[in-house]
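Engineer: Sequence:
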Amino acid sequence: MKAMKKTLALAVLLPLTMASASALAYGGGMHHHGGKGGDCGMYDGKRMFSQLDLTAEQQEKMTAMRDANREARRSEMASHRTEMQAQHQKMQQLVLADNFDEAAVRELAKQMSEQQVEHRVTMLKQRHEMFKLLTPEQKTKFQQLQQDRMAQCQARWAEKAKN
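Here the sequence shown stands for residues -25 to -1, 1 to 138, where the numbers follow mature numbering (1 follows the signal peptide of the UniProt record, and there is no 0).
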């Protein structure tokens, strides 16, 4: 009975984990464009940067960085697609196996987590490079915009919790 519960839990959790890994690998989970003004908790740097009165030179550099980062993400995604498909297939094999192989599941989960960490480090490094272009005043204004946005989000979350 325990093995059946573990298999059922694994059958439910692994596809969700893979979907999360795929979403993060594609966009890091940070680039969702939906609803008015984007979703709470999502990084919307382009919109926030547009409120910072960037110089023409800063705008050009930001655009060049965004374009380069986008191309890097696309090529990374293309090169990792085969690997992600292999991981998905391995998950399916583990789910369908007669016996639950916890060590294999842990190893696969560890590999997927490491990929997510690498993706996140790359993304934050790129973001850091963009922030280096800002003046101290622009950085302060950006932080204020982030705080304002978080306050709005918390208010929306509180409202949703009431309903």
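Hints were generated in silico from the structure; no laboratory data involved. Ideal Cβ placement from N, Cα and C applies to all residues, glycine included. Among the clues, some could well be false.
Said to hold, decoys possible - Taking lysine to aspartate or glutamate pairs in the EDC-like style, the calculated list, with each CA pair at most 16 Å apart, reads:
1) Lys65 with Glu77
2) Lys107 with Glu46
3) Lys116 with Asp28
To be verified - Derived DEER-like restraints, expressed as beta-carbon distance ranges:
4) Gln68 with Arg95: 47 to 55 Å
5) Lys114 with Asp73: 55 to 63 Å
6) Leu71 with Arg41: 36 to 44 Å
7) Leu99 with Ala61: 37 to 45 Å
8) Val92 with Lys135: 41 to 49 Å
9) Gln91 with Gln118: 39 to 47 Å
10) Lys114 with Arg56: 20 to 28 Å
11) Gln121 with Thr57: 34 to 42 Å
Engineer: The structure should be examined with respect to each hint, and the outcome stated for every one.
Structural biologist: Quick rundown of the hints versus the structure:
no.: 1; hint: Lys65 with Glu77; in the structure: holds, 13 Å
no.: 2; hint: Lys107 with Glu46; in the structure: violated, 21 Å
no.: 3; hint: Lys116 with Asp28; in the structure: holds, 10 Å
no.: 4; hint: Gln68 with Arg95: 47 to 55 Å; in the structure: violated, 28 Å
no.: 5; hint: Lys114 with Asp73: 55 to 63 Å; in the structure: holds, 57 Å
no.: 6; hint: Leu71 with Arg41: 36 to 44 Å; in the structure: holds, 42 Å
no.: 7; hint: Leu99 with Ala61: 37 to 45 Å; in the structure: violated, 27 Å
no.: 8; hint: Val92 with Lys135: 41 to 49 Å; in the structure: violated, 31 Å
no.: 9; hint: Gln91 with Gln118: 39 to 47 Å; in the structure: violated, 26 Å
no.: 10; hint: Lys114 with Arg56: 20 to 28 Å; in the structure: violated, 37 Å
no.: 11; hint: Gln121 with Thr57: 34 to 42 Å; in the structure: holds, 37 Å
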